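Based on the sequences and whatever the hints tell you, model everything.
Those sequence lines, one after another, are chains A and B.
Counting from 294, one number per residue, gives the positions in the first sequence under this note's numbering.
Counting from 294, one number per residue, gives the positions in the second sequence under this note's numbering.
Derived by calculation from the structure, the hints in this document are not laboratory data.
Any given hint might turn out to be false.
Same chains, same names: a pair is fine if it fits in one copy or spans any two.
Mimicking DSBU-like on lysine-lysine, the simulated pairs with C-alpha atoms at most 30 angstroms apart in a straight line are [what the hints assert, rightly or not]:
| hint | residue 1 | residue 2 |
| --- | --- | --- |
| 1 | K488 | K351 |
| 2 | K488 | K529 |
| 3 | K488 | K451 |
| 4 | K376 | K351 |
Only a predicted model underlies this, so the values are computations on that prediction, with no experimental measurement involved.
2 protein chains.
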Amino acid sequence: MSEEMEVLYEKLTFFFETRKFADLRMTLLDMAPADIALYAEDNLDEKEIIVFFRLLPKELASDVFIEFDADTQETLIKAFTDKELKAVIDDMFLDDTVDVIEEMPANVVKRILKNSDPENRKQINELLAYPDDTAGSIMTPEFVSLSPTMTVEEAFDKIRQTGVNKESIYTCYVVGKKKKLIGVVTVKDLLLSSKQDLIENIMTTAVITVETLEDKEQVALKLSKYDFIALPVVDKEGLLVGIVTVDDAVDVIQEEATEDIHKMAGVAPTEKPYLKQSIFSIWRARAPWLIILLITSTFTSMILAGYEDRLDAILYAFVPMLMGTAGNAGGQTSVTVIRAIAVEEVSFGDILKVILKELLVSLLVGISIAIICFAKIMLLDRLYNDISINYALIISLVCLISIVMAKLVGCILPLVAKKCHLDPAVVASPLMTTIVDALSLIIYCTISIAIL
Amino acid sequence: MSEEMEVLYEKLTFFFETRKFADLRMTLLDMAPADIALYAEDNLDEKEIIVFFRLLPKELASDVFIEFDADTQETLIKAFTDKELKAVIDDMFLDDTVDVIEEMPANVVKRILKNSDPENRKQINELLAYPDDTAGSIMTPEFVSLSPTMTVEEAFDKIRQTGVNKESIYTCYVVGKKKKLIGVVTVKDLLLSSKQDLIENIMTTAVITVETLEDKEQVALKLSKYDFIALPVVDKEGLLVGIVTVDDAVDVIQEEATEDIHKMAGVAPTEKPYLKQSIFSIWRARAPWLIILLITSTFTSMILAGYEDRLDAILYAFVPMLMGTAGNAGGQTSVTVIRAIAVEEVSFGDILKVILKELLVSLLVGISIAIICFAKIMLLDRLYNDISINYALIISLVCLISIVMAKLVGCILPLVAKKCHLDPAVVASPLMTTIVDALSLIIYCTISIAIL
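Right under this line is the structure:
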């Protein structure tokens, strides 16, 4: 936190504790809603937050409310009178209301819906019906729509009338019959046109749209690809039903990256921030993958037990190094390919290109590692272990072969998973670990026995 | 790629090959620059791209140019006459010009600067001077600045005059003497005010700014936290020098997530997309970490060799399983904590909270895994291995202790790295693997020898 912000927070605490509420309000008026919410959650207890929230300047209340996390929101709603609740909800954008509702228990949801306007209630229910992870679930039905025969002047009037409640007014959508989307016009276009120009003459007709059921990650990637502030969402008939704004897309991109990072490390995705998660929910997110890997490790134990009598005990000491190197080499490749798939740099159609690339890279990496491995054994490991040059050569050779094998497995698995409509991040990691572990052990044991 | 897009691409190829250039231009006019660039790079060779680029409608040329990747841009610049080059550059936003320049070899840079306006050249040079990864390196000096004594009507005139060349006109910056930033006003505010209102009466004075040398990742996080479309960048004296727009912030967020994912898997960050990287550069990004882990694995080999005579051969078969489980358990924690640090959910100040949390989680996870491990050994491993209940108990106990140890190491390391101003993603992974590998082996060997 910046020093400036710390000073501000101390001021707030002073005003709150000494009950200088007019000063408190003056200070709050100059702060961003996100900072106000952060202050309250970090510095006040439940009861104080309720008092604090009631002290907020009216125009800030709903903006601050949506910045709180779900637990605080629930506490507040339970403390609200119906009138207070209605005031906050009426002032919120519909997509934010839906975000809040999605986190609340059933009885709270009922109270929220009861205190919404009938028109809003209908739209909220429609938005709630879209499956998670779709464009519909993150869109807002509040946007400026224009008709093609309006003039620029009329368009500005329309924006002024409807604009206050719209989340993004800078892109206006031109709709024809039955709400069919026929073009877009930005406020910039409007400002640079003369007042009497007709919308149909200045609008762009090549509109990039997304469908309600499209994956929200795809939507965010599209927004980022085209550098838009908002994207229109249409239903199957091409009728305009809402827009997705860039701030929501940024959140989606952050969340999806976090999810992918967690999945690759074998942690099931969770909605809450780390510090807010319960011990039990963290356990539930982490135990399954460890169990799966524990069970599949039976293979490596079996292989090792099977070779027990035939493998020189000295060679056992290098098993962790070889399996570790293979696992790391494979992980480098699978993680790179999984991320490239996620940001749409690579698709299944590139599989041959990718395999060829990884084959060459793995040879280059494998040969360099094998040479270093040989040197390490001769210089370091011989200090404590009575190991022969033959053994050093075998271990280095196995190193090379395992790296090539691991990198090929690491690039093929995620692409095949994607092709089978499975999540590469979830499927590839445990499967790769298991396959690479088992294969590298088999390579080690068979090669050493064959040569010696 | 969508079907619609495929049809469009086929149309382009047909028009291009049959030299129906008027039709080609008509089709291109309806397409987004990003899609046009993608088409050219995927379907045309170098010479064809040069011809194709010259056929582009003038108003699209520079927009398409910045969407090409650096290699194509270089090819085009080399083919351009000075006049063509000047036309493209004059039409580009300054921050885009800087992005292009940063990827070009020196002789191309010289030509670009030679063909820029003197005023632009000065600004480009200033922008180039900001270190990579700072706000200055991604900002644009092109924005709308207003004076506090203007009326709303005058403000609109100013926007119209300067707006065409500005990347983001929807937030205007109010500057006082010496370009000191004193407030912001959005086009939305202007539209909702009456024409004669003074800017100083409608502007917001609580402006959230970033400094030129602030980390660009922090800047992106700030933009996302406050849901802004642009953030003003000020120098140390608080004078306004540029703005960072949300589309650049989205790119930063994507790139930083990719970098972190790569680093956690032991791959050095690279600038180019995977398919464009050379075999050699991939090798350079991957070999170092494998070498480090290879060398540090000497510890595990030493430990195993040291216990060789004293450890029952049957127990060797479970070394990979135990080390794997500890490594995975530690990885889950370190990756979660590293990501939480990156998105600013967790800081060093939370270390005690985090340790307590991980201690409880690791006990819960450890106990469940130990129970399953015991069951697995009795039910599965006894099928092929003559292992006693005592051994099964020891292995399960080691499993529990290793998981607790690994998760504690996994949460402490990234936080300490952050505190020491080191990159948690880079430091934590290799160090954690080494420590956890060695410790889990030592725990295994000492406990089995002590008990048996």
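Structure-based check of all given hints:
no. : hint         : in the structure
1   : K488 to K351 : between (36 angstroms within a copy, 26 angstroms between copies)
2   : K488 to K529 : neither (35 angstroms within a copy, 42 angstroms between copies)
3   : K488 to K451 : both (13 angstroms within a copy, 17 angstroms between copies)
4   : K376 to K351 : within (13 angstroms within a copy, 58 angstroms between copies)
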